[in-house]
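Going down the list, the protein sequences come from chains G and W.
Per the numbering used here, residue 1 is the first one in the first sequence, and the count goes up by one each step.
Per the numbering used here, residue 1001 is the first one in the second sequence, and the count goes up by one each step.
No lab work stands behind these hints: they were computed from the structure.
Hints should not be assumed to be uniformly reliable.
Reference excerpt, derived from the structure (chain W facing chain G, CB under 7 Å, subset only) [claimed, not checked]:
(1) Lys1023
(2) Asp1024
(3) Gly1077
(4) Ser1084
(5) Arg1093
(6) Asp1094
Idealized CB from N, CA, C, for every residue including glycine.
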Amino acid sequence: MTNDKLNIIKNEWPLWEVFIRSKAGLDHKHAGSLHAPDAQMAIENARDVYTRRMEGVSIWVVESKHIQASDPGQSESMYDPASDKIYRHPTFYDLPDEVKYM
Amino acid sequence: MAVHSFQEHFDSLIDRDITIEPKDWMPDDYRKTLIRQISQHAHSEIVGMLPEGNWITRAPSLRRKAVLLAKVQDEAGHGLYLYSAAETLGITRDEMYNQLHSGKAKYSSIFNYPTLTWADMGAIGWLVDGAAIMNQVPLCRTSYGPYARAMVRVCKEESFHQRQGFEIMLTLAKGTEIQKKMAQDAFNRWWWPSIMMFGPPDAESPNTEQSVRWKIKRFTNDELRQKFVDVTVEQTKVLGLEMPDKDIKWNEARGHYDYGQINWEEFWNVVKGNGPCNKQRLDARRNAWDEGKWVRDAAMAHAEKRKARTAAVKAA
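Build the full structure now, drawing on both the sequences and the hints.
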């Protein structure tokens, strides 16, 4: 990385990921990201950027650098083992029609 | 995986309409094209606030002022969604700002035209936002996930922008003779730049084919332009205004309206920096950045102080 690029990054406010609960009872969901000097200001900015139309009742922010993500290159070994275990779904089981409420 | 198999995997995702996400492998040119397109789009939102900012203090009523403020605030938001989407591709926010402020990056050339009367607020909402929406709706299905998600949000919010513009035009068109004239004059001035917004004709748009292949673009410039002309001609009838193009004519065989020759020389001239307001717009952006420095510094200093205070409390 050149010194120029380092300087630019040094001056930039940190990046935050924003999660919003759209209404009581629902999960927080990723809404997007923004830059802010600290968590408090990130929440204030998130309010202006992501909830201008009553999209939320609660905001979470986390600095992007703290997010750990799975590797898309490992998708096969991560998720394929589940694909042949259809017996984990209720529809796998054939029951007589007389059986109710199950 | 060897490089060619990365490429094959990427192509197969594109072919199956599976969205590409930031951590997925992607060809360098795909990344570059997206960075250019998304950052230009973000710059357009930010510069796009300037022609309207001109009229916030002079809006004819409190209602119009509140609406215009909300619209301009949305545009700031849209710029921010888009900058974030571009950042997922590895460019920093400051690099993008630098590209805009140094004149290296482009933004939609429509914003280099002046806003002379209040009717221009109507024409911009109706035509400029209308053309933008025509362009943006297919982008909600663009192949790069963060861009597509940003566009979904933008499109949801932008529909009111066009409707409020049409409402301004309708009010003026149904008003006094002078008001109607004002609406027609704004229409005349904004029509051609608006249909230029879709970009050069397909035959002269070398990047279109690749972008369509990558499903970044879903329609070509000329296809979208035609769609826009077709709907606008009909809307013009509701307004009772006259199309600024004498060659507009229904073509039964094509099932579309034919339209006149676009002055591409003017378009390229404005793109190259010689439009009526290019200098003014860039100066305004640079000033905002330079004069906002103390605010950015103060926010950072405040954050550091707050951090130090919290640390001191914890230590005690």
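These are the hints, each one checked on the structure:
no.: 1; hint: Lys1023; verdict: 5 Å, holds
no.: 2; hint: Asp1024; verdict: 5 Å, holds
no.: 3; hint: Gly1077; verdict: 5 Å, holds
no.: 4; hint: Ser1084; verdict: 5 Å, holds
no.: 5; hint: Arg1093; verdict: 6 Å, holds
no.: 6; hint: Asp1094; verdict: 4 Å, holds
Going through the hint list in order, the structure satisfies each hint without exception.
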